[in-house]
Amino acid sequence: MKATETAVGVQGLCKTYGATQAVNEVSFSVERGEVFALLGPNGAGKTTTIEILEGFRRRDAGRVEVLGVDPGERATQRWLRNRLGVVLQELAVEPFLSVRQVVSRNAGFYPAPRPVDEVLDLVGLSEKSDARVKTLSGGQQRRLDVGLGIVGNPELLFLDEPTTGLDPAGRRMSWDLVRSLAAEGTTVILTTHYMEEAEALADRVAIVARGVVVGSGAPDQIGGRDVGTATIRFRLANGVAASRLPLAVTAGDDGSLAVRTDDEVRALNTLTSWALQAGVDLVGLTVSRTTLEDVYLRLTGDAEGHDGGVGPQSTDTAGRVDDHDRAESRRAA
Amino acid sequence: MSTPGPAAAPSAIGGPSDLRLVARQVRYEQLSFWRNRTGAIFTVIFSVVFLLLLGASAGSSRITFLGNIKLVQYYVPGFVAYGVMAACFSTLAISLVFRRETGLLKRLRLSPLPAWALLAAIFVSTLIVALVQIALLLAVGRLGFGVHLPSNLVAFALALLVGVFAFTALGVAMSTLIPTTEAAGPLTSIVFFVLLFLSGLWFPLQPGSTLARISAYFPIRHFIVAVFAPFNAHAGSPWAWHDLAVLALWGAAGCFVAARRWRWAPRGG
Chain B
1 MKATETAVGV QGLCKTYGAT QAVNEVSFSV ERGEVFALLG PNGAGKTTTI
51 EILEGFRRRD AGRVEVLGVD PGERATQRWL RNRLGVVLQE LAVEPFLSVR
101 QVVSRNAGFY PAPRPVDEVL DLVGLSEKSD ARVKTLSGGQ QRRLDVGLGI
151 VGNPELLFLD EPTTGLDPAG RRMSWDLVRS LAAEGTTVIL TTHYMEEAEA
201 LADRVAIVAR GVVVGSGAPD QIGGRDVGTA TIRFRLANGV AASRLPLAVT
251 AGDDGSLAVR TDDEVRALNT LTSWALQAGV DLVGLTVSRT TLEDVYLRLT
301 GDAEGHDGGV GPQSTDTAGR VDDHDRAESR RAA
Chain V
334 MSTPGPAAAP SAIGGPSDLR LVARQVRYEQ LSFWRNRTGA IFTVIFSVVF
384 LLLLGASAGS SRITFLGNIK LVQYYVPGFV AYGVMAACFS TLAISLVFRR
434 ETGLLKRLRL SPLPAWALLA AIFVSTLIVA LVQIALLLAV GRLGFGVHLP
484 SNLVAFALAL LVGVFAFTAL GVAMSTLIPT TEAAGPLTSI VFFVLLFLSG
534 LWFPLQPGST LARISAYFPI RHFIVAVFAP FNAHAGSPWA WHDLAVLALW
584 GAAGCFVAAR RWRWAPRGG
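For the record, the sequence lines run as chains B and V. At position 48 of the first sequence the residue is numbered 48 (the working numbering), and the sequence of numbers has no breaks. At position 59 of the second sequence the residue is numbered 392 (the working numbering), and the sequence of numbers has no breaks.
A hint or two may mislead.
[To be verified] Computed beta-carbon distance windows for the label pairs:
hint, chain 1, residue 1, chain 2, residue 2, range
1, V, 449, B, 169, 36 to 46 Å
2, V, 449, B, 179, 32 to 42 Å
3, V, 589, B, 14, 30 to 40 Å
4, B, 29, V, 595, 29 to 39 Å
5, B, 74, V, 457, 54 to 64 Å
6, V, 586, B, 129, 42 to 52 Å
Treat the hints as calculated values from the structure; they're not laboratory data. Predicted model, so just to flag it, every value in this text is computed and none were measured. Glycine residues also receive a C-beta, built at the ideal position from the N, C-alpha and C atoms.
Using the sequences provided together with the hints, build the complete structure.
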């Protein structure tokens with residue numbers, strides 16, 4: 001009855017579709033009770049990796065162990081499925097049954113399910129329990145979907161982009177749910193596009209691009225976030241020339257100014273002393289370290305080879321650089 | 334949350350027994366089917382309404398080249414065949430595409446419900462829908478139009494069995510050839526209704542006619558003939574062996590395509 005401490009171990013995992021190397025020598029491990037996030041653009045290989053761990057897809061090479069067994073092994077497949085919870089990217093809910101019926105039906109698949117009422121309560125659908133699934137909003141269907149993922153009382157839960165399409169309240173609710181599951185000792189592996197989601201939930205993050213793990217670690221340390229350059233941002237009132245500043249600055253399109261420094265204490269001191277003496281206001285002064293998104297864009301950008309990118313891989317990244325500051329930090333990276 | 338060594342824990346232990354799982358799943362399949370009013374009406378009421386309309390318009394017409402039987406005596410077995418095909422072929426194909434493309438199949442595949450139990454439940458549920466239709470059509474035929482019921486019940490049951498097998502296999506095969514949910518309804522209906530037309534569901538085909546020769550290559554004509562035979566034993570043998578054999582071959586072909594092309598995950602996305 002000795003429990004293995006590692007919930008998931010992946011070593012040198014490879015998967016090819018035709019000429020496309022979807023997953024290339026991916027290795028990581030997830031401890032029991034940990035929340036682990038795979039972060040990366042569309043087509044990076046996140047879902048393929050998860051599908052191999054779920055035992056849905058065969059791998060071409062590498063070693064994979066999930067709860068101590070090989071997910072590709074038929075003999076232990078049902079044993080494993082009794083212990084796994086899965087939430088897919090697709091909204092997979094029966095349209096014509098009621099919420100309660102769907103949850104009860106799926107509860108019956110598992111040897112030791114969570115009580116149906118408890119599941120409905122956890123995903124905030126108690127009041128909708130008799131409603132037909134097709135009458136639910138997209139967000140409510142997504143929550144039902146998450147409920148179906150946890151009804152079996154899983155030891156390991158896979159969440160493939162669990163909050164895509166949820167409104168902020170629904171997202172917050174899902175986050176709370178993941179946190180409470182983790183507190184109960186459930187191991188959670190999630191994929192996500194959202195930096196703040198990985199940052200809010202994950203103990204550790206692996207950033208994946210083009211089938212390769214380009215960085216991994218705790219979200220607040222990954223890519224050297226906790227050390228190195230900080231950015232001081234502010235604006236100057238009209239009529240104050242940036243050339244009067246005691247430090248070198250870069251100007252943004254929106255008129256904001258940024259100082260990059262490895263020693264933000266000294267730089268702030270220089271800047272604020274000057275401002276006080278000159279009687280100049282530093283509007284909206286902030287100090288920030290590299291964001292997870294900066295790290296993400298740098299690491300995934302490197303992997304994409306700065307080729308400008310065509311197709312779905314780049315749209316996701318491009319969609320996120322509409323914000324001027326981030327575009328700037330990307331250029332700097 | 335202790336994890337016993339999986340080798341020491343055979344997969345079935347602790348889980349509900351598999352047959353009970355199938356029975357439970359059939360119940361939910363049925364619930365889901367009848368609650369989908371549009372689907373249920375399209376499948377079940379359609380055939381009954383068609384039989385009523387055609388039966389009424391046939392009046393006392395007779396078919397000279399089929400032993401001078403009443404036209405409605407031809408329509409009842411024809412629509413019994415139609416009922417089986419509608420449930421096993423079109424409705425099954427459309428519902429499988431929907432479930433595959435929305436991820437329902439994949440999600441169930443990843444649950445502890447064994448794949449065979451899920452498929453068995455789907456097929457049993459389809460069979461129940463077909464049987465309900467057959468019962469309704471026979472009742473309408475007997476009470477509404479006074480047609481003879483099958484004189485040879487064994488031959489009738491065999492024809493239904495082979496037909497259910499063939500069209501279930503073809504329905505699954507058809508679902509694997511359709512890429513998206515949007516295409517499922519139109520594609521299945523076109524194939525189905527064109528073949529129904531060619532196969533003489535709406536009007537009996539003259540033996541040796543061009544339509545009869547064309548439709549002999551497809552399964553629907555053979556199924557109509559195989560169901561017709563036990564109803565009208567006085568007009569010939571109740572056993573349409575040749576037609577049953579062709580149907581079985583189509584069923585085997587359906588199985589082959591279905592097994593080769595089956596996918597649990599969405600194709601379109």
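Hint check:
1. Range check, residue 449/V to residue 169/B: about 41 Å between beta-carbon atoms, so the 36 to 46 Å window is met.
2. Taken as a hint, the range 32 to 42 Å holds for the pair residue 449/V and residue 179/B, whose Cβ atoms sit roughly 38 Å apart.
3. Between residue 589/V and residue 14/B the beta carbons are some 32 Å apart, a value that agrees with the proposed interval 30 to 40 Å.
4. In this structure, residue 29/B and residue 595/V meet the distance hint of 29 to 39 Å, their C-beta atoms being roughly 34 Å apart.
5. At about 25 Å, the beta-carbon gap between residue 74/B and residue 457/V misses the expected band of 54 to 64 Å.
6. Separation of residue 586/V from residue 129/B is about 45 Å and conforms to the stated range, judged on CB atoms against 42 to 52 Å.
In the structure shown, a violation is registered for the earlier hint numbered 5 alone.
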